[in-house]
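The lines below spell out each chain.
There are 2 protein chains.
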Amino acid sequence: MTTSSFSPRGSKQEIESGTAFQPKFDENGLIPAVVTDAGSGELLMVGYMNEEALRRTVETGEAWYWSRSRGEYWKKGGTSGQVQTVREIRTDCDQDAIWLKVDVAGNGATCHVGYRSCFYRAVRRNDDGGVTLALVEPEKVYDPGEVYGRDQG
Amino acid sequence: MTTSSFSPRGSKQEIESGTAFQPKFDENGLIPAVVTDAGSGELLMVGYMNEEALRRTVETGEAWYWSRSRGEYWKKGGTSGQVQTVREIRTDCDQDAIWLKVDVAGNGATCHVGYRSCFYRAVRRNDDGGVTLALVEPEKVYDPGEVYGRDQG
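Quick note, the sequences are listed as chains Y and V, same order.
For the first sequence, the numbering used here begins at 1 and goes up steadily by one.
For the second sequence, the numbering used here begins at 1 and goes up steadily by one.
For the record, the hints were derived by calculation from the structure and aren't laboratory data.
Every value quoted in this text rests on a predicted model; they were computed, and no experiment measured them.
Where hints are given, some of them may not hold.
Restraint-style ranges between C-beta atoms, simulated for each label pair [said to hold, decoys possible]:
| no. | chain 1 | residue 1 | chain 2 | residue 2 | range |
| --- | --- | --- | --- | --- | --- |
| 1 | V | Ser17 | Y | Phe25 | 13 to 23 Å |
| 2 | Y | Gly130 | V | Thr85 | 21 to 31 Å |
| 3 | V | Val136 | Y | Glu59 | 12 to 22 Å |
| 4 | V | Gly145 | Y | Phe25 | 42 to 52 Å |
| 5 | Y | Gly130 | V | Asn126 | 46 to 56 Å |
The calculated PhoX-like cross-link candidates involving lysine-lysine, where the alpha carbons are at most 20 Å apart (straight line), are [stated by the list, open to error]:
| no. | chain 1 | residue 1 | chain 2 | residue 2 |
| --- | --- | --- | --- | --- |
| 6 | V | Lys24 | V | Lys12 |
| 7 | V | Lys12 | Y | Lys140 |
| 8 | Y | Lys12 | V | Lys140 |
| 9 | Y | Lys24 | Y | Lys12 |
Each residue gets a CB set at the ideal place from its N, CA and C atoms; glycine is no exception.
Using the sequences and the hints, build the whole thing.
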């Protein structure tokens with residue numbers, strides 16, 4: 001398999017309107033990846049990729065990330081079975097963010113806490129100006145105590 | 001108006017399962033915000049907030065960001081009219097990402113290049129292993145030459 005190569009950053013015009021993929025990695029060598037369910041469109045998670053993780057994702061069609069907490073490559077689902085098959089990859093105007101549309105294998109959940117999406121809580125502002133979180137995705141797909149592994153970012 | 005205050009970071013258990021909003025800002029004081037259309041669910045953009053921008057967003061119900069390129073607060077739509085009215089705010093398991101569901105005012109577009117979404121291009125892998133971008137949102141909502149201002153991140 002030929003190694004996919006990304007282009008060096010060009011002019012603002014090239015980045016915004018061109019056809020060369022010129023992803024911008026931050027000072028830590030990372031680019032954020034927004035992950036949605038290819039079928040429902042639901043936001044599942046936000047992960048981070050370095051250049052090699054992005055290359056593996058493009059080449060294998062399965063999502064790879066860089067775990068900032070563990071400092072290692074992280075194939076989503078490697079432990080949990082919640083493998084993400086990539087249906088489409090997009091980038092934004094500045095090419096400093098990635099959007100993955102995926103199908104989730106295994107038990108269909110994405111979050112290591114047990115929910116389908118990592119975004120299971122909403123921010124609510126109270127009358128007194130305080131801010132609290134409310135659970136808006138009440139049902140867990142699985143009990144993380146049973147399959148909890150190292151499959152988290 | 002009482003100033004909204006966020007909670008200091010607690011234990012892993014508190015962060016993942018609690019009701020206290022304990023957003024994590026990175027070493028630059030920023031947290032990424034994924035922005036989707038409250039009606040269609042379409043991914044519109046990824047922006048960044050510092051604590052004050054997040055506070056303004058929570059308190060005003062309109063999206064504020066921190067512009068990394070300009071080093072200033074950025075009320076989305078302040079120049080373009082593409083104001084984002086926030087319908088729901090969520091956070092993820094680690095509380096290190098924000099999800100805004102918004103209604104977009106003005107001409108309904110989000111991207112300063114003229115498209116409805118900033119994610120108007122898909123990453124395609126060619127037979128030779130090369131990677132290029134393909135325009136997947138062909139119609140611009142407006143000509144940015146006419147209203148192009150400082151309303152971009």
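Has the hinted range 42 to 52 Å been met by the Cβ atoms of Gly145 (chain V) and Phe25 (chain Y)? Because 30 Å falls outside the window, the suggested range is violated.
Are the Cα positions of Lys12 (chain V) and Lys140 (chain Y) separated by 20 Å at most? holds, 18 Å
What's the verdict on Lys12 (chain Y) and Lys140 (chain V), does the C-alpha distance respect the 20 Å limit or exceed it? holds, 18 Å
Does the Cβ distance between Gly130 (chain Y) and Thr85 (chain V) fall inside 21 to 31 Å? holds, 22 Å
Is 13 to 23 Å right for how far apart the beta carbons of Ser17 (chain V) and Phe25 (chain Y) are? violated, 33 Å
Are the Cα atoms of Lys24 (chain V) and Lys12 (chain V) separated by 20 Å or less? Roughly 12 Å separates the two Cα atoms, so the pair holds.
Range agreement (Cβ of Glu59 (chain Y) with Cβ of Val136 (chain V), hint 12 to 22 Å): Because 21 Å falls inside the window, the suggested range holds.
So the hint says 46 to 56 Å: do the beta-carbon atoms of Gly130 (chain Y) and Asn126 (chain V) match that? holds, 53 Å
Is the hinted pair Lys24 (chain Y) and Lys12 (chain Y) satisfied, with a Cα-Cα distance of at most 20 Å? holds, 12 Å
Hints 1, 4, counting from the list given before, are not met by this structure.
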